[in-house]
Amino acid sequence: MQLEGKNVLIAGQLKTSLTENLEDFLVSRTRTLGVIGITSPFATVKESRCTLYINGNKVKEWPLPTFTLKKVTWWNYPLITISYIVFVYSFIRAFFYLNRRFDIFIGISTFSAIVGLLYKKVGGVKKMIYYCLDYYVTPKGFGFKKLLNLLFIVLEPRILKNADFVWNLSSRIKDAHVKFFGLNPGVYPQTIVPVSYRGSFSRNLPFKERERWTLGFVGSLSENQGLQLVVSAMPKLIKIYPLIHVKVIGHGLYAQEIKTMVREKGLEDKFTFYGFMSDEKEVNNILSKCMLGLAPYTGAFMDNSLFTEPGKPKLYLILGLPVVVTESISISDLIENNKAGKKIKYLEKDLIMAIKEIIGDEKTYQEYTEGVELIKSHCRSEDVYAIAFSQSARWLE
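Numbering (my numbering), first residue to last: 9 to 405.
Derived from the structure by calculation, the hints contain no laboratory data. Please note: incorrect hints may appear among the correct ones.
To be verified - Cross-link-like lysine-lysine pairs, in silico, DSSO-like; alpha carbons within 30 angstroms at most:
#	residue 1	residue 2
1	244	278
2	169	187
3	129	66
4	357	247
5	347	247
6	297	23
7	54	68
8	23	66
9	273	255
10	384	353
11	273	297
12	129	255
13	384	364
14	244	351
15	255	23
16	273	351
17	129	14
18	384	347
19	128	14
The whole structure should be built from the sequences, with the hints applied where relevant.
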């Protein structure tokens, strides 16, 4: 698709929804690019913004209001409602700041897409792409999370039917729409646009420049991420590798539980918790020096990674890290088949064996880093987005 001469507006969460990757791809390929970037409710840094580029040059940037939960607990979680109200206000302010019509709107995830549909209704945009990142499983029992999920169930089918084109992060999302919404794939035009990262992120540090016994973890600290399995396995790993250490980047609802587990096991010196980090360069610097990346998703009923493609494994790969990933994740076969890491069951013994296999000796480790290089083309956003726009072209003219 020829994007030159087009006016494009994208909206989504910064960092957690990889909005910046799409921004970087489009900035030099469009006549006008507007970006509405909102901050995750769980972020520790408030950086919501509205940015306007013309002919590849940033001409204006406005800060947008943000409400975040400084400490996330079960009793204050309903305050997330305030975040969504602030999001709506931020979008309205951004539209007034930008004060122009756009040819294409790309809404990244459900909330941004809903606002985009409203903007389309009033003539602010001509065509809309919905970039669908997740399918959210309905929680059992009652609670605020279930109420949010019911809202998702109401809104999601409407977005899918009214968008001009749909980008699904994985084929599993399309399958979930069929299974849970009864939406035949032919109801809406769509393609698969997998998670990806900027090619400029690519690294592969030599063995001697890495922290010999350090493992890396990045992502939202929720129960489905499986970090608790790493904590559980750590006492046995210490017996094998006394200097082993885990660097954890991220924050979320399950953070306090993880830290409590670490404290109760007396493992405080084996885990470094950085919390949420907004500086991508710093995140990449920390991770690229690790020996491997951990992605032990639980694969349980409430694990939304079952219906999507998590970004964590690909970030590790683009940074040159072999990956330990549970078999429930769609990319696990590609990683295993190319010896770019190990695919495991969500079991303590499997995790320990995989770590031993990858970091045990330098020669074997080198083989795994070579495997990582073989599949980096699956991780670069430049390649992924070029294909996505080409496949979307005829629905957007």
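Results for each hint:
1. 244 <-> 278: 12 angstroms, holds
2. 169 <-> 187: 16 angstroms, holds
3. 129 <-> 66: 28 angstroms, holds
4. 357 <-> 247: 14 angstroms, holds
5. 347 <-> 247: 26 angstroms, holds
6. 297 <-> 23: 21 angstroms, holds
7. 54 <-> 68: This hinted pair holds, its Cα atoms lying about 19 angstroms apart.
8. 23 <-> 66: This hinted pair holds, its Cα atoms lying about 20 angstroms apart.
9. 273 <-> 255: 17 angstroms, holds
10. 384 <-> 353: 24 angstroms, holds
11. 273 <-> 297: It holds: about 26 angstroms lies between the C-alpha atoms, which stays within 30 angstroms.
12. 129 <-> 255: Violated. Residue 129 to residue 255 sits at ~46 angstroms, over the 30 angstroms cutoff.
13. 384 <-> 364: 24 angstroms, holds
14. 244 <-> 351: Measuring from Cα to Cα gives roughly 20 angstroms; hence the hint holds.
15. 255 <-> 23: 19 angstroms, holds
16. 273 <-> 351: Holds, because 27 angstroms separates the two Cα atoms, which is no more than 30 angstroms.
17. 129 <-> 14: OK: residue 129 and residue 14 at ~20 angstroms, within 30 angstroms.
18. 384 <-> 347: 13 angstroms, holds
19. 128 <-> 14: 16 angstroms, holds
Hint 12 alone, counting from the list given before, is not met by this structure.
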